[in-house]
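Engineer: Given next are the chains, with one letter for each unit.
There are 2 protein chains.
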Amino acid sequence: MHFLDNYRSIIRDAINKHNLTNPPHQLYDPINYILTLGGKQLRPIILLMSCELFDGNIEKAIKPALGIEYFHNFSLMHDDIMDKATLRRAQETVHVKYNENTAILSGDALMVISFQMLEDLEPHLFKKCFCLFSQTALEVCEGQQYDMNFEKQQIVSFEEYINMITGKTAVLCACAFKMGALIAEAEPDDLKNMYEFGRSLGIAFQLMDDYLDVFGNQKTVGKKHAGDIVENKKTILYVLAQQKADEVQKHKLNYWYTITGENENKVNEVLAVFNELNVGDSCLELVKAYSDQAKNYLNKIRVDTNKKHTFYELVDYLLVRES
Amino acid sequence: MHFLDNYRSIIRDAINKHNLTNPPHQLYDPINYILTLGGKQLRPIILLMSCELFDGNIEKAIKPALGIEYFHNFSLMHDDIMDKATLRRAQETVHVKYNENTAILSGDALMVISFQMLEDLEPHLFKKCFCLFSQTALEVCEGQQYDMNFEKQQIVSFEEYINMITGKTAVLCACAFKMGALIAEAEPDDLKNMYEFGRSLGIAFQLMDDYLDVFGNQKTVGKKHAGDIVENKKTILYVLAQQKADEVQKHKLNYWYTITGENENKVNEVLAVFNELNVGDSCLELVKAYSDQAKNYLNKIRVDTNKKHTFYELVDYLLVRES
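Going down the list, the sequences are from chains A and L.
Counting from 1, one number per residue, gives the positions in the first sequence under the working numbering.
Counting from 324, one number per residue, gives the positions in the second sequence under the working numbering.
If you're looking for bench data, these hints aren't it; they were derived computationally from the structure.
Beta carbons: idealized from backbone N, C-alpha and C, even for Gly.
Some hints could be false.
Taking CB as the label site, the calculated pair distances span [claimed, not checked]: (1) L/V626 <-> A/D120: 31 to 37 Å; (2) A/E159 <-> L/Q477: 55 to 61 Å; (3) A/I259 <-> L/N586: 41 to 47 Å; (4) A/P23 <-> L/L642: 28 to 34 Å.
Only chain A is shown next, with the shape it has when bound in the complex (with noise of 0.2 Å):
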């Protein structure tokens, strides 16, 4: 998607110009190899598009676009200690290359910096931007306590997954597209609508990396192919196919996900109870009934439908992407 390498471009050079140089280096490296691994960087983009749609000035947004990013980074860097992950965006994650106490101080460091990013606004609007962007913090650590929580539940219910990731991933996803909006000074009920938008489309973003988890291109995705089942990971496609199994798969999937470590057996055992049931086509399924529901926002929002264009192109981008 063209449109979306201009803005990627704008958040680089942004990043790279906010490359943080003072001592001591040992707080701050850290921080500049994650923010320079890359990824997709959409959570600031769509900050800079949300703040476009409205005739914002996108110099303004900016600085808390990246904000954004810096606590999207903040979260994966202790959320990596926590899951005990090894590789983030095909690269060392922080705890590996450093060590875990740089990865929990450099965390906090870059979570006060994502706040301060939105310093250059001027006082009603910092505040306004930063009470959302503070609720949404709170959201996502709470979305992180409840996928820690998974791993002690046998049983998850649709509605809890779809709390947790609302909270892990949704909300800041609809933090930024609200906050973009609220920098151009949109009306309540399109700053509202924009939010709902981000939500559902953050909900519908989150299944589909579940889903490319176990059926994506391995090499597209750039993690362990079907890391979730290897860490017993509670996804979308598990909590269908415990609503879908008869007695035997029940047993199967309990079974192994109690097992640990790397086990070639486990991966394709599972794999074999999700295909009977045929939870990925469901999880799709899922996937355009949420992407419907943002579209659906998206109609409400009283701009030009030519301008919202750029918007239902990345909702269906989700819906064809392989990583």
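Got chain A; can you put chain L on it based on the hints?
Structural biologist: Same frame as chain A, now just chain L:
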């Protein structure tokens, strides 16, 4: 000090009132746990004192004061993981009572909540207080990084040490004094002098802490006797000892500070060197010097001298406290 108790009861009531009861309890229980462990709660108290000094509305200052206390407790949660500390205020640390992941994530949430405590302030004041707070937060992270760096440095200069404790302890103290004055809408010169007063006092406070760890009354300190020596912490006593030591004493210090774990012999040997070099008294002289510096800043503040009485008392209290 009776007047401290009055402020402390305001803070304790506010902490209890803001008890976090929303789900997920796995995220919020550890926060309630650390906040109700007590501690001196000097940081929020000085924010209230400072607000009153400039005839500000103390009601308006209570939530920001909690914010400072919350931030301090967030930093304790994470520092205790990094330092592998098992006791805090004579109770189990969060990562021991719960686990490391909980201490990381609940700490993150607590940092966010600490900033949210400013959100009742009107936009202009909110922005001023937030910018002060966020800059302080970053300096606290830098201080902790320097402290971790010291683990790998045999020689720590006096300047490096003061710089480290300025970040790790003094700036949050300075921030609390200045924020109280900001909420009371004090004049720029007074704001600056309150900040510098707090910084000098914070340095004196930390130096006294270093002294008490080794020479304090174990029961009232509530921590392991000479825990800093056991953990090879390069405190001011170590820095001064390295400066004054002859070759034999240096050799002893360097030897013992490579030995890890509990070792009664080690504490006695290091203590013997400290006593030979009289670093306890040198440390108390530094406490006095920084306290005097604090008083000089206090002298410059343009409010009635009799209103500043409790502030002078607070400084002196540092020189006689036993914990």
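Engineer: Hint by hint, which ones does this structure get wrong, listed from lowest number up?
Structural biologist: none
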